[in-house]
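Next come the chains, spelled out residue by residue.
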Amino acid sequence: MTASTVTDLPPDSASPPAKPERIDGRHLRSERTKRLIIEAYMALVRESSPRVPTAAEIAERAGYSVRSIFERFPDLQALRLAATDQAIADARATNAPRDLPADRATRLRAQVEIRGRGCDQWLPMWRVLNSNSADSAELQERIRMTRSLILRRIELVFKPELSTLPDAERSRTVLAIEALTDFESWARMREFFGLSFDEACAAWVRAIDSLLPPTPAGAS
Amino acid sequence: MPAPSSPKTPRIDGRRLRSERTKQLIIEAFLALVREDPKLPTAVQIAERAGYSVRSIFERFPDLNALRVAATDYGLAQAAALAPARNVDGSRQTRIESQVETRAQTCERGIALWRVLLNSQDESDELKLRVRRARETTITRLELMYKPELSTLAEPERRDMLIALEALTDIESWARMRELHGLPYDEARAVWTYAIDRLLPPTPAAKP
Chain A
1 MTASTVTDLP PDSASPPAKP ERIDGRHLRS ERTKRLIIEA YMALVRESSP RVPTAAEIAE
61 RAGYSVRSIF ERFPDLQALR LAATDQAIAD ARATNAPRDL PADRATRLRA QVEIRGRGCD
121 QWLPMWRVLN SNSADSAELQ ERIRMTRSLI LRRIELVFKP ELSTLPDAER SRTVLAIEAL
181 TDFESWARMR EFFGLSFDEA CAAWVRAIDS LLPPTPAGAS
Chain B
221 MPAPSSPKTP RIDGRRLRSE RTKQLIIEAF LALVREDPKL PTAVQIAERA GYSVRSIFER
281 FPDLNALRVA ATDYGLAQAA ALAPARNVDG SRQTRIESQV ETRAQTCERG IALWRVLLNS
341 QDESDELKLR VRRARETTIT RLELMYKPEL STLAEPERRD MLIALEALTD IESWARMREL
401 HGLPYDEARA VWTYAIDRLL PPTPAAKP
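Line order of the protein sequences matches chains A and B.
Just so we're aligned: the first sequence equals residues 1 to 220 in my numbering.
Just so we're aligned: the second sequence equals residues 221 to 428 in my numbering.
Hint data in this document are derived by calculation from the structure and do not stem from the laboratory.
Don't take each hint at face value.
Residues of chain A clear of chain B, computed beta-carbon distances all greater than 10 angstroms [said to hold, decoys possible]:
| id | residue |
| --- | --- |
| 1 | Arg29 |
| 2 | Ala91 |
| 3 | Pro101 |
| 4 | Ala105 |
| 5 | Glu141 |
| 6 | Arg152 |
| 7 | Arg172 |
| 8 | Asp182 |
Label pairs and their in silico Cβ distance ranges [stated by the list, open to error]:
| id | chain 1 | residue 1 | chain 2 | residue 2 | range |
| --- | --- | --- | --- | --- | --- |
| 9 | B | Ser273 | A | Leu36 | 45 to 53 angstroms |
| 10 | A | Ser210 | B | Arg275 | 52 to 60 angstroms |
| 11 | B | Ser371 | A | Pro74 | 57 to 65 angstroms |
| 12 | B | Phe278 | A | Ser30 | 30 to 38 angstroms |
| 13 | B | Gly402 | A | His27 | 38 to 46 angstroms |
Using N, Cα and C, we set each Cβ at its ideal position, and we do this for glycine too.
Here chain B stands alone, though its shape is the one from the complex (with noise of 0.2 angstroms):
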């Protein structure tokens, strides 16, 4: 009779483990292939990437929009991990460089998969509630950034406010500072950092 197994010793299933690494390896090769040319790929460029067959993808994903919206919750996943609000009581100057400094990591590592996400939203509703929440983490951070000076407006003034903030560092705003006018990153930092100072109200004083 087989001995009964410990409560305390949680069972580890193998089979589950190597499928969820295989369904990430192809998550990984779906956003590497994006990486390297804007147009979506095919299951056949996904699966010889992966190292896989093409079978294997469907085993995992229905489709390919299912592929996508997985690929996508990954990478906004990491892109959240990457980007956490740092220096979020610092004086406005340090604040204004952190959440550039921040916002520009997370363009430059997020531009190929975010233009699939836009091409793509209108095939899917979920793609599309991806970008929605998306936008509005954006929008989430700015108001935690800049909540001294965002608290001396009142609406619609405040609103505006976010809306100009969240135009100016939109992703494909950046991009065009690199890739159509071709800025290095630091000087396409130094246009947000100077834009962004311009457009905030003064910052209250301090409270004793």
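Excised from the complex, chain A in its bound form (with noise of 0.2 angstroms):
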């Protein structure tokens, strides 16, 4: 079999129109078993975090062998990251801004009950994530990245209520939301002061919505 498939090039080839395309089976099978041992790997994750994994376990889980984990990724380290990535995808597919042109009251809201959700679901990984990344520079970049991404979604949502002040205080005002709403920050309301996610999702709409300042008029 050529190395070169269908999937392998790049998509200005000049390839004849006529040739129906191959589809590579090995390479599929593959990718779906790559899939499946990410897959095995966050569920694993979610009942024993922050306790990682190990290469028996994550095996035995997606129903493959210790040698086929090892076969695509090089290492544990290797399969950490390949599973970050996939949260961080699949995290942003799901957690898509919602109601942005709305009051005040309503993008308050959604982005509360977005990010408690988001903070449920991926809190273990999380987890995982912060406490094997002292030797990853690219772990490190992971984290960095989401806190970005953060950094973004909530000035994106907020942004009428934050044009309205000068630097310093948009940016104070940012940072302390992005405390606020930090993974811990929900985890210890939830498992430290045991509020139901309602509950939960209560606080923060009533702690943002006091750090914000007025929306200015004519603004959703």
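Hints are included, so try docking the two chains, each in its own frame, into the full complex.
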């Protein structure tokens, strides 16, 4: 079998139009196996975070051999990185901002609910990411990227209110909202203070509403 | 016949004193290593830094977890001693600035140990308890410093206000401002001062 397949070709390759696309079954299977290994890793992390699952545990959960894992990932760090990238992509796809042109209360509620759900879903992965990042510049970069995405989301959702503030106060408000709505802040509300999802959302809504300046007239 | 020792002069047990001093030096070596590197130091590293043998460590601490617990108790006691509540009866602005200054100093000094504590707490119920106590101490301090403003709130608003203040002034929130956002000490303090002032309800008028 030749190494080059349709999926390997760059998008602008000039291939004869009439020729049917070749599907590389082996490549497809390998990608599916990779995906199943990543999903097994993520499921185990959700159950045992912040403990990192072993290769044997991941293999057993995925239904493959340990060798299969290391044929696709050079080491567990590479698997962790791939799972982190998958988690970031999933979170971006499912937690897209909504109700952006809405009034203040609707935007606030939507942002808090999306963030709360995201925290509930991704907290175990986030903890594993943080507890294993000391030795990995790549994982540290993912943490920075995630935090940067969170800041951009805050700036986008509360743009009308933030736009009324001078630079220094605007920056202070964004940092305060970021601190308030951090993963671990959510976790403390749920685990330490024993708040339900709705109670935790209400606490965030109230606090963010206090931090934000009045919504300018005419803004949604 | 030896003369009976006077009941007024307590006997000093030199061996015990030396052993306590050694324990203290081992704890300080552990804390120094943690400040330099967020990873848990090994017994060999701790022994080398303290200037003792590995055996000396395990003569005084049954295992590394016991040493971690002792170092945590020492670190938390030190943090409490260095951060007494000041200006409790001051104006709103004075109290906010005082609390922010004290908390910022605690965060600057304590972040390394706190991270080790958080990363290790799942291995030890004793460490978990220390984390809980440290959080409770922080909340008690917030209740003390912002008593006038909190007294105007009914439940659950009062509880939610404390949760928000605690989240805002969490040690990792401080660390992010300093490490990730690169804020100087005074600017990081300004963020907290500004945000706390916005979060708190109006201060009630003083009673005559």
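The hints, checked one at a time:
No Cβ of chain B approaches the Cβ of Arg29 of chain A within 10 angstroms, the least distance being about 37 angstroms, so the stated non-interface status holds. With a least CB separation of 19 angstroms from chain B, Ala91 of chain A remains clear of the 10 angstroms interface cut-off, as annotated. Distance check for Pro101 of chain A against chain B: the nearest CB is about 25 angstroms away, which clears 10 angstroms, and the non-interface claim stands. With a least beta-carbon separation of about 17 angstroms from chain B, Ala105 of chain A lies farther than 10 angstroms from that chain, consistent with its non-interface assignment.
With a least CB separation of 12 angstroms from chain B, Glu141 of chain A remains clear of the 10 angstroms interface cut-off, as annotated. Residue-level check passed: Arg152 of chain A sits 14 angstroms from the nearest beta carbon of chain B, beyond 10 angstroms. Not every CB of chain B is more than 10 angstroms from the CB of Arg172 of chain A (nearest about 5 angstroms), against its label as outside the interface. With a cut of 10 angstroms on Cβ distances, Asp182 of chain A falls inside the contact zone with chain B, its closest approach being about 7 angstroms.
Between Ser273 of chain B and Leu36 of chain A, the C-beta spacing of about 50 angstroms keeps the proposed range 45 to 53 angstroms intact. Checked against the hint of 52 to 60 angstroms, the C-beta distance between Ser210 of chain A and Arg275 of chain B comes to roughly 57 angstroms, which is consistent with it. The hinted window of 57 to 65 angstroms between Ser371 of chain B and Pro74 of chain A holds, with their beta carbons roughly 60 angstroms apart. The given range of 30 to 38 angstroms is broken by Phe278 of chain B and Ser30 of chain A, whose C-beta atoms sit roughly 49 angstroms from each other.
Checking the proposed 38 to 46 angstroms range against Gly402 of chain B and His27 of chain A shows it holds: the Cβ atoms sit about 44 angstroms from each other.
In terms of the numbered hints stated before, the structure departs from hints 7, 8 and 12, listed from lowest to highest.
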